[in-house]
Structures are given as C-alpha cells and as structure tokens.
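> One line per chain: the protein sequences are A and B, in this order. At position 38 of the first sequence (counting the first as 1) the number is 222 in our numbering, and the numbers step up by one without a gap. At position 146 of the second sequence (counting the first as 1) the number is 156 in our numbering, and the numbers step up by one without a gap.
No lab work stands behind these hints: they were computed from the structure. Hints are supplied without guarantee of correctness; some may be wrong.
[What the hints assert, rightly or not] Okay, the calculated beta carbon distance ranges per label pair:
1) B:Gln181 <-> A:Leu686: 26 to 36 Å
2) A:Asp682 <-> B:Asn123: 29 to 39 Å
3) B:Gln191 <-> A:Leu657: 47 to 57 Å
We put the beta carbon where it would ideally sit given N, CA and C, even for glycine.
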Amino acid sequence: MAAEQAVVKKSSSISNVWFIPILALLLGAYMVLHSWMTEGPEIEIAFKTAEGLEQGKTKIKYRNVDMGVVDSVRLNEQFDGVIATAKLDRQAEALLREDTRFWVVTASVSVDRITGLDTLLSGAYIQLAPGTGQDGWRHFEALEQAPLTDTDADGLRLHLTSREATSITTGDAVLYHGFKVGRVESVEFDANARVVDYVIFIDAPYHKLVNTSVRFWDASGISISAGADGFQVEIGSLDTVFLGGVAFGTPPGIAPGDPVDHNAEFRLYESFEEIQKNPYKFGTYYVVSFTQSVKGLQPGAPVEYRGIPIGRVERLMLRDTLRLQQADNSEGTGAAIPVLIYLEPARLEMPDRQSSVDSFARGIETGVSNGMRASLESGSIITGAKFVNIDYYADAEPAQIDTFLDYPTIPTIETGLGQIQYKVETILDKVNNLPLEDTVTAANSALASLDDTLASLDHILENESTRDLTRQLQETLSELQTALGGLSPGSGIYQSLDASLLQLNRTLDNIESLTGTLAKKPNAVVFPTTIPADPEPEARP
Amino acid sequence: MRRALCLLPVLLLCACASQPPSPTYYLLRPAADLDSAQLQPSTRYTLGEVSIAPYINQPGLLLETGEGRVRPAALHLWAEPIEAGIRTYLLQEISRLYGRDLLPGGTGDQRINLRIDQLHGTLEGDARLVAYWWLDGDDGAMGARRFARSQPLAANGYNALASAERDLLGQLAADIAAALQAPVDEENAAQ
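My request is simple: use the sequences and hints to build the entire structure.
What follows is the structure, given as structure tokens:
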C-alpha cells in the first residue's frame, strides 16, 4: 500500500483580505470624483460692510433658489470694506459673468414700497443677478442697495441730463400721459460736465414710446401759473406730488422720430412750458453783425423769415469781439456788433433731425448768394423791442457766407429807419431833379392863355346875338312841336301816309302774286294764264 | 317762213284778248244795323294790340285742303288787309255789345289785347276761329282766355265761309264784352 502523497497546490497569489481595502479605495475614489464633480465655484464678493452677513449661514439666492452659502467674511487689505467668500453650487457656474451683480437683501420700508419682509425671520441673504458678459469671473463687487430693475428686464435704459438739480430722486416714477411706465434708477452729479445725470428705465412695452422726438421734463409737485386767462394749477399723479417724477411725450406739432438705443442721452427740461418755448431739438448757430444800434435786441428775441419765427437770438458776442480786437489791435474802429442767433429748421416744418439742419444750412448758403440778408427790425414801437428778420433783397450787394469764431455768418443789410432814410433821400434827389421851373413857366403861360379865352367867352356871351340865341331856340322848338303835331295819328298827313302804306302793301301783295305766277309759268306775261279755280268750301251735308 | 312771221302777232293778239276771271272781295263789317246813336267812350277799357298768325295775314280766304295744309284762295280775297279788317270789326262789335266806345287812344287804363291763332275753313265744312285775349293793366287778375270755336257753313262757297268767319268773330267779341265789367260799375267808379 502506497502511502498517500500530499498534493501541493499553489495557493492564489492575492488574499481575499485585500478585497476590503480595494473596495474602500474605490469608494474613496468615487467620493472624491463625486465631490469634484458636484463642487461649485468659490467666489469672493466685496461689500462696504458685513451688515447682515454671517459665516456658514447667509445664503446666496437666485430666483429664491439657494445657490450657495457664505463660508467666511473678512476685512479687505485696506480695511475699508469686507470680503465674503462663498461656495456656490456647480450650476451657478454659468451665472458668474463679468456683469453679474450681488447685493444684500434685508427688510426695507420706504414711502412707496416695503420689501424683504421675509428676511425678518430667515435673516438677510445675498441676491444674485446674473449678467450677460464674459463668464468665468470669481471676484465681484456688491451693490450697496438692490437695483430697481432686474438685469434681464425688458425695456430701455436712458440717461437724462439737467444743468439744475431737481427734486427727482432714485425710485421716482417715469410717467407717460400720467401713467407710470418706468422709474429713475440713479441720480448722479457729473462734476466734469457739471450736469446732473439721471439714469431712468422704461419698462417694456412702453419703451417703444421713446424716440428721438420725445422730450423729458420734471413733472414733480404742483405747478401754478398765472396768465391773462387766470390762474392755472397743474398737479401730476399723487406719486409725483410727493415724490417727484419725470414725464415724457412728443411736443405738439413734431413728427415722431427714430427709435433710440440703450443709454441714449436726453435733456431733462425744467417743465413742460420750457419745452413749449423751445420744442425743437436740432438747430444751428449763425452770427449776424450789425453796424446800427442794437438797442432793444434781447437774448431770446425772435429771428423771423418773412414773419415766420425760425429761431431766436442767443446773445450779443461783445466779449468775443473785444477779445478779437485786442488780439489784432483793431480796437476803436467801430466794428460791427456780432449777434449769435440759433435757427431751428423744424420751425419751417422740416423734420426735427440733423439731416434737416444740414439741408437748411445748404439752403442758407444758396440763399445768401441770391440776396438773402439779415436785418434788424423793430418789433414794437412802444417797447422798442427788436428782432432779427431774414429776407431776400434783390438790390443787395453780392456777398457770401463767412465765419466768425467758427460760426457761419449771414450778411446783413440795414433796413428800418436806415432804409427809410435812404428812400427819403432818393425821393428828395428825384424831386430836386424835377424841371420845376420849366413846369411853372409853362403853367403860367397856360393860365395866361386861359385868361384870354375866358375873356373872349365873356365877350361872346355879352353879345346881343348870343342872348337872342335862346329865344330863337325856343321858337324853333315850338315850331318843331307844331310840325310834329301834324304827323299825329289824327292828322291828315298821317292818314294820307297810312293810306299810302296800305296801297304799298297791296302792290307788294300783287307783286308777290305776280312773281309766284311767273315762277310757275314764266311765259305768263305774254300768254294768258289760266288761274286754277279755288277749291270750293262745302257745307256739311 | 314769211307766213309764220305774220302769224305771230295774230297769236299774240289772240292771247291778249282772253278775259281772266275777276276775283271776289269780302269785307269784314258788323251785320248789325247801323246805329247813328253815339256811344260814350269807355273810361276803363280800350282795345290794345290785335295780332294775327302770319299765315292768316294774306289777301285770300283760307281753306283747309288736308291734314296740316291750307290753301289761300286766288279769286276770293279780303277787301282790306285782314289785320285791319279784324281790328275794325272787333272794335265795333265789342263797343256795341259792351255799350261803350273802346276808342283807340281812349282814356281806358285797361287794354284788351288779342291774338288770332287760327281763322280758316275746314275740310268738315266749318269755319274755325282760335284766339287768345287778355287784359293789360288789371294786374293779371283775369289772365289770358282762350276762344276756340267752329261754325258750320250755311251753304257751299266762299260767301258762306266769309259769313261764318264773321259770325265767329262776332261770338269772340260777345265773349269779350261779357267778361268786361258792366258800364254801370264804370260810372260808379267814376263817381
């Protein structure tokens, strides 16, 4: 019996024990991968203060969906603000763009609205408003307060500028015919341009109401005006009475303009009355120089073309003239006084746009070569107010458009009193040149001749035969009357004449009969004519 | 040839020897008895214009020979121009029937005007008279009146036709005289 021999088997190279660490490794790798795949971006947001911000508690929300939590809050390096670091969800990655905005939402109570009441319980949170710029941004500067308009809201954002500060503040309404169509987003004073810049936002679809022809004016408070027709009180909506507001509209008589883009600039007028005074947007400056007295010509005086107002006088350019004269040592030469005028083509019913101004300027250029001149006219004899009139003068000396301090100039002509003086002088010259002496001599001679004639007439009238003439005339008329009496229907002559006429008629009848017969029978003169028997009238049976 | 030349004067003389028929003339005058009593002139009326249609104004009496055709008689003529004859006849007849003389050129301020439109014999054996008359100066109160009547001929011939036409003119005069205001009113008015 053979002893059993042990069979040596080669054991497996890897122990089952290793299964556990491998599983752990795989799980770990999965967790790392999962964590890496779900982990969102980490961002830094700069705030002025950390009011309302709490580490690990303050949430970042977009459309009320939690996007992340503030991890830490620390002071910045300059110590003039804080930087909050926040970890966001991965899906927030796409929202982080160059112009993405953040602000802290807390409970806020103002005159016109109450917002963020829910934060009283839940605590403040950071609102995210995604932008549309370049993506991949991680550092942001938070807004001090919530923007009034959503970033993605449809509408139109415009800039209004005003030289004077008004009562309009952020949040005020923008009105169209009294209806709220937008709001004022911000008010800033531009120190360089020395104007107040208002950013307004007009909600869709009302932004279509805005075009290049509309004007914006301050519609705040109550407007009281007194005129010839009594007192007039204008009150806007209650909002605007207490809070102020901006109104806009197209001035009457102006055609709608072209659509405008975002951030277009408009002037903010003080009131609607100011717009009515200057309703046009486009215009151009000219200079007219007068050598006569400009007394009574005030800034704002009308500039007219044949009685139609086409602009206004801006100012007398005395300072500029003085400076120019000092520069070229021409002081004391009695130079003409330049007057700056502003002409608006839209007043001549041209469209209120730049192209009209260009075409108007070309028209002026052609007009000047054809005798167009500016003149100083008296508007009122009582007040002595003057205005500038533009018209054509056929006898004007040739001239063309020049420039004065970069302004084009329109040549002037002296009219009014000066023109009258010239005309009077011309008439006096003509009177002087009349051959008055010759005329008087001839007239004297004619009068002498007339005297002679009248003397002759007297002589004739005093003559006996002339006096007898009237008596003779009366006698003649009396005889004529007697003679005519003989021709009256009862007279013998009349009856004789009547009988003669009767005879004549009968003869004519006979001639007519004869010619009739001869027409029918030409030889009737020689040969006997058989007159056909007349048809016999027959009595009724 | 010579014989022919001799015959010519003979022929001509023969021609002249023939006697043409002589025409008959008719006069329009009232048949009433001549009244020597003088009528007083009317102070109200006078006879104004008497006009006749041009076709009537010719010497011969007119006879209708067919539809729309008349023929003036060549041998039966009015003794005076028909216009004068009608005027004289009417003046006398109206004056007689009215009782006042409507002298032309009288003091009457109302003028009786007439227009004779038709006066001729018809195919049916009638004489026809169509006339219009009106007063001037009565402010149009009366208006124009029309007279249109026919009178059957009493016998054949133009004499009967002239007589019938005279009768018709007499009826017209009677109509006019009847339409005028009575002479009594005239006197009252004068008083």
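> For every hint, state whether the structure bears it out.
Against the structure, the hints:
1. B:Gln181 <-> A:Leu686: 26 to 36 Å: Cβ of Gln181 of chain B to Cβ of Leu686 of chain A: about 28 Å, so the range 26 to 36 Å holds.
2. A:Asp682 <-> B:Asn123: 29 to 39 Å: Violated, since Asp682 of chain A and Asn123 of chain B (Cβ atoms, about 21 Å apart) do not stay within the stated range.
3. B:Gln191 <-> A:Leu657: 47 to 57 Å: 48 Å, holds
Hint compliance for this structure: hint 2 alone is broken.
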